[in-house]
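Visitor: These protein sequence lines map, in sequence, to chains B and R.
So in numbering that gives the first Met the number 0, spot 332 of the first sequence is number 331, and the numbers just go up one at a time.
So in numbering that gives the first Met the number 0, spot 286 of the second sequence is number 285, and the numbers just go up one at a time.
Be aware that a few hints might be false.
[To be verified] Calculated pairs, SDA-like style, for lysine to any residue (alpha carbon to alpha carbon, straight line, at most 20 Å): (1) K166/R <-> P129/B; (2) K166/R <-> S288/B; (3) K1/B <-> R50/B; (4) K166/R <-> L90/B; (5) K166/R <-> V80/B; (6) K268/B <-> L213/B; (7) K166/B <-> A126/R; (8) K166/R <-> A126/B; (9) K268/R <-> R254/R; (10) K166/B <-> G284/R; (11) K166/R <-> E85/B; (12) K166/B <-> D89/R; (13) K166/B <-> F130/R; (14) K166/B <-> E97/R; (15) K166/B <-> V66/B.
Read the hints as simulated data drawn from the structure, not as lab findings.
Number of protein chains: 2
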Amino acid sequence: MKILITGGAGFVGSRLARALLARGTLDGHGIERLVLADQFAPADDISADRRVQVAVGPLLGQCDDVVGARFDGVFHLASAVSAECEADFDLGMRSNLETTRALLLALRAAGNSPRLVFASSGAVFGADPPFLPVPSLVEDHTLPTPQTSYGTQKLVSEQLIADFTRKGFLDGRAVRLLTVSVRPGRPNGAASGFLSGIVREPLAGIACACPVALDTPVALMSPTRAVDALIRAYEASRAELGGRSALILPALTLRVGEMLEALERVAGKAVRARVRLEPDARIEGIVSSWPAHFRAERAQRLGLGADASFESIIEAYIADHPEGVARSAGAAR
Amino acid sequence: MKILITGGAGFVGSRLARALLARGTLDGHGIERLVLADQFAPADDISADRRVQVAVGPLLGQCDDVVGARFDGVFHLASAVSAECEADFDLGMRSNLETTRALLLALRAAGNSPRLVFASSGAVFGADPPFLPVPSLVEDHTLPTPQTSYGTQKLVSEQLIADFTRKGFLDGRAVRLLTVSVRPGRPNGAASGFLSGIVREPLAGIACACPVALDTPVALMSPTRAVDALIRAYEASRAELGGRSALILPALTLRVGEMLEALERVAGKAVRARVRLEPDARIEGIVSSWPAHFRAERAQRLGLGADASFESIIEAYIADHPEGVARSAGAAR
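Starting from the given sequences, assemble the full structure and let the hints guide the process.
Guide: Here's what the structure looks like:
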């Protein structure tokens, strides 16, 4: 079978690509071809696999090729991120709305009703004051009221995918990923960036600031759980999915202070001490507008669960990214 | 001030135009110019008003002119209808999604952050089995799960308007109109058509079929209430609106049999006898997927109410459309 991952060189896309290549099959069928479409080339270990084909460039320009390729399955992860879309409205409309629309029309034009998993986001939820406060508990039927252009574009894409699915043009499934932590790499300026940074930076021996109060609750998922959710959503039958509406996912809910306590338990007092409290009212405002508690019954019925603990997330990060861990961080282990 | 009505020659658009011309003001400002954009020309009594300017043609092609015109206010009613969008998917995507997007971008490009009222629809609601049944009661926070392309496109437009509003590009308000009854004119083949037809046709002396069981509950609003809601949504302050989410509206909920009883009380036994029961499983299926009960608290706080009775709706129809009433229909009055 032939699979496309849009955003296939990104953080989640790369992990998904590696997971699919390692499995070799998806929904019981062998993966003969894995096309990674992205603005950037994937990592060498991925592009070296003979099943992998790389398509570098803007996705919007690649949609004609998508028609011709007749994919059996698509993971649509490509997206401008939240902060980018707030800073550049036109970029978000083009990358997240126009591109999704063009991709859906191309998949319809291919005529083989491929399966599609869309990486939506918990950013579809928010407060719409004074009408709606931040939901104290997000459930499958909670009304999304996005408070960013990014969240709006994700919700709009979900709805288009549901309608294309109803019409039989494709077989779409949308999963709302939560903030993924721990992300490797450099700080990216996103408001959620510190939820990775306060672990990644001190582990690398770098001092960093925590911009919110320690009792702030947050909802997280590990990269592994994110990839698991995408694959499970792909392999679920329509009956298992139980409706065309987007799936929320189980969250690990904890306070930011508990994240730092977990860091201390895993990596030691000295590592944790590299995180200083430096409240930033702007970021506190944004983070407090995110719901922290999720009851994801439909996803749980698919066998998807939350991460067991933040310690396990940190340990997996250290195992996956030994290059990102200063020698001193291991001292406590 | 300068006002644009898209779909300004349609049934609701024409009534809105007449109402605005009769008032002469909107939100306390005199209406100097009323532009009616539509595929068709408006009725002569409307186009004869020296404040009216007519723009006939596809709205998508008129968006450049919208930029130049710098409207103070816009009522965006233009839309392909539900049945058309199901029969011709591309038409719906173009007329209801591309056109709304182009209009919003044109209004943003004009740079004066105009006020905009969008005629959305109760068709955003539906069942998504087995996840969600048809909502037994629709409230302001009920999750929309559209089951038609039309409903999807309306919901998507609502979300884009909310985000354009959040960004300050315009000041948007979306109201979800219910099935409007009694519509004049010929049967249009829409699944909801009989909700006007079973009054209009017998009043005109024409026999007609009622395709659903008499105990089927339906949610209706009169053309007058629809126009009232659009104007009130325009004139409401942001504080009164209480959030950017779309407004549901108060419904007159009654059973189809009660509609016929009202018809008999207003127009006599002989008129009612022109309606024969002829159940149509396809239409019964569609109509039973529409929610019938609404609790529209936000709209009620704006002073909007449901019609008092179906009799009053029929009486208003007869008064407004004497040409559509056969002489015999008056016999019982």
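Visitor: All hints, please: hold or fail.
Guide: Outcome of the hint check:
no. : hint              : verdict
1   : K166/R <-> P129/B : holds (18 Å)
2   : K166/R <-> S288/B : holds (17 Å)
3   : K1/B <-> R50/B    : holds (10 Å)
4   : K166/R <-> L90/B  : holds (14 Å)
5   : K166/R <-> V80/B  : holds (17 Å)
6   : K268/B <-> L213/B : holds (17 Å)
7   : K166/B <-> A126/R : holds (16 Å)
8   : K166/R <-> A126/B : holds (16 Å)
9   : K268/R <-> R254/R : holds (18 Å)
10  : K166/B <-> G284/R : holds (17 Å)
11  : K166/R <-> E85/B  : holds (9 Å)
12  : K166/B <-> D89/R  : holds (12 Å)
13  : K166/B <-> F130/R : holds (18 Å)
14  : K166/B <-> E97/R  : holds (19 Å)
15  : K166/B <-> V66/B  : holds (18 Å)
Checked against the numbered hints listed earlier, the structure breaks none of them; every hint is satisfied.
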